Amino acid sequence: MKKIYKFIAGNSRVTPPGIALAIGLAVALQPRLGWWSAPLYLGVLLLTLAASTLEPVQ
Amino acid sequence: MNGWVAAGTTFLASGLEFVEAATIVLAVGYTAGWRVALSATAWAIGALIVITGVLGPALLYWVPIDALKIAIGIFLTLFGYTWLRKAIWRYAGRKAMRDEAATFDKEVAEMRAQRDAARFGFATAFNGVLLEGLEVAVIVITFSAARAGTFLWAAGGALAAGAIVAGTAVLLRHPFSRVPENAMGFIVGIMLLSFGTFWSGEGLGLHWWAAEGTLAWIVGFYLAAAFVLIGALRRPVRA
Numbered sequence: 001m002k003k004i005y006k007f008i009a010g011n012s013r014v015t016p017p018g019i020a021l022a023i024g025l026a027v028a029l030q031p032r033l034g035w036w037s038a039p040l041y042l043g044v045l046l047l048t049l050a051a052s053t054l055e056p057v058q
Numbered sequence: 001m002n003g004w005v006a007a008g009t010t011f012l013a014s015g016l017e018f019v020e021a022a023t024i025v026l027a028v029g030y031t032a033g034w035r036v037a038l039s040a041t042a043w044a045i046g047a048l049i050v051i052t053g054v055l056g057p058a059l060l061y062w063v064p065i066d067a068l069k070i071a072i073g074i075f076l077t078l079f080g081y082t083w084l085r086k087a088i089w090r091y092a093g094r095k096a097m098r099d100e101a102a103t104f105d106k107e108v109a110e111m112r113a114q115r116d117a118a119r120f121g122f123a124t125a126f127n128g129v130l131l132e133g134l135e136v137a138v139i140v141i142t143f144s145a146a147r148a149g150t151f152l153w154a155a156g157g158a159l160a161a162g163a164i165v166a167g168t169a170v171l172l173r174h175p176f177s178r179v180p181e182n183a184m185g186f187i188v189g190i191m192l193l194s195f196g197t198f199w200s201g202e203g204l205g206l207h208w209w210a211a212e213g214t215l216a217w218i219v220g221f222y223l224a225a226a227f228v229l230i231g232a233l234r235r236p237v238r239a
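As they're listed, the protein sequences go chains A and B.
In terms of our numbering, the first sequence opens at residue 1 and continues consecutively.
In terms of our numbering, the second sequence opens at residue 1 and continues consecutively.
Keep in mind that the hints were calculated from the coordinates and are not lab data.
If you're wondering where the values come from, they're calculated on a predicted model, not measured in any experiment.
There's no promise every hint is true.
[Claimed, not checked] Straight line, CA to CA, 25 Å or less: simulated BS3-like cross-link-like pairs of lysine-lysine: (1) LYS3/A to LYS106/B; (2) LYS6/A to LYS106/B; (3) LYS95/B to LYS106/B; (4) LYS6/A to LYS95/B; (5) LYS3/A to LYS95/B; (6) LYS95/B to LYS2/A; (7) LYS106/B to LYS2/A.
Let's have the full structure, built from the sequences with the hints guiding it.
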């Protein structure tokens with residue numbers, strides 16, 4: 001299990017929840033998606049990248 | 001999507017994975033013998049062909065395209081994060097630059113410490129080629145599944161990288177210490193993350209502001225973020 005997690009997520013504790021948050025927001029806002037939804041989605045993923053670089057170096 | 005972009009991305013990603021696999025196979029070849037190293041490599045390549053041949057068509061046939069785009073996007077985004085953050089750490093001086101010569105020496109030392117070098121060598125080379133190749137297989141399958149007509153470009157990029165790395169390994173019989181692995185890892189990270197973001201967003205029904213052209217914008221945003229993060233994480237130089 002650990003090896004599969006390492007293979008898929010590189011042992012990050014931040015990136016899977018970050019992606020889940022971005023997707024969850026897009027799904028929750030589904031009927032009201034507007035011009036701002038794509039930048040919001042990208043913004044969450046960019047913040048996830050920044051947060052993942054603050055994790056302990058592996 | 002431009003086929004050349006898909007081919008270029010899979011070429012770079014595969015090249016890096018194959019360089020790492022070649023280092024392991026060379027270490028096994030020098031310590032446990034070339035017969036062991038090459039037979040393990042052949043078995044691993046066979047397993048990869050079966051996995052790709054079964055998984056690719058099954059995905060395309062059974063999974064609806066929007067769900068497939070979301071799943072593909074998640075995989076590519078996760079892979080992209082892993083590649084890019086490692087590259088950011090390396091350029092910021094927080095992680096040692098990858099050194100194939102040092103990896104080769106470490107593998108050789110581990111091999112020499114084993115009693116049953118042939119069995120350990122076979123397992124090491126098989127696992128090495130299978131694991132490094134698996135990521136290539138997933139990337140090629142996902143690129144092919146997300147856009148019709150991309151399979152030949154994506155697979156072509158991976159095969160070209162495999163042929164170049166294998167040919168060079170046979171000629172040199174030495175680890176690839178001059179390949180710019182860190183720069184390649186940075187570019188691959190940006191591309192995987194960008195494609196992953198774009199396709200998962202499409203699958204979720206987001207309206208990208210410049211349609212297909214948004215991909216270039218996303219690449220630009222991730223590039224800018226990566227440079228900012230490298231600058232922010234760089235350790236101050238002591239006088």
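The hints, checked one at a time:
For the hint linking LYS3/A to LYS106/B, the alpha-carbon distance of about 21 Å falls within 25 Å, and the restraint holds. A C-alpha spacing of about 21 Å is found between LYS6/A and LYS106/B, which places the hinted pair at or below 25 Å, so the restraint holds. Restraint check for LYS95/B and LYS106/B: the C-alpha separation of about 18 Å stays at or below 25 Å, so the hint holds. Restraint check: the Cα-Cα separation between LYS6/A and LYS95/B comes to about 18 Å, which is no more than 25 Å; the hinted pair holds.
Between LYS3/A and LYS95/B the alpha-carbon distance is near 21 Å, which keeps this suggested pair within the 25 Å criterion. Between LYS95/B and LYS2/A, the direct Cα distance comes to roughly 22 Å. Compliance with the 25 Å bound is thereby established for this hinted pair. With a C-alpha separation of about 23 Å, the suggested pair LYS106/B and LYS2/A falls inside the 25 Å cut-off, and the hint holds.
Hint compliance for this structure: every hint is met.
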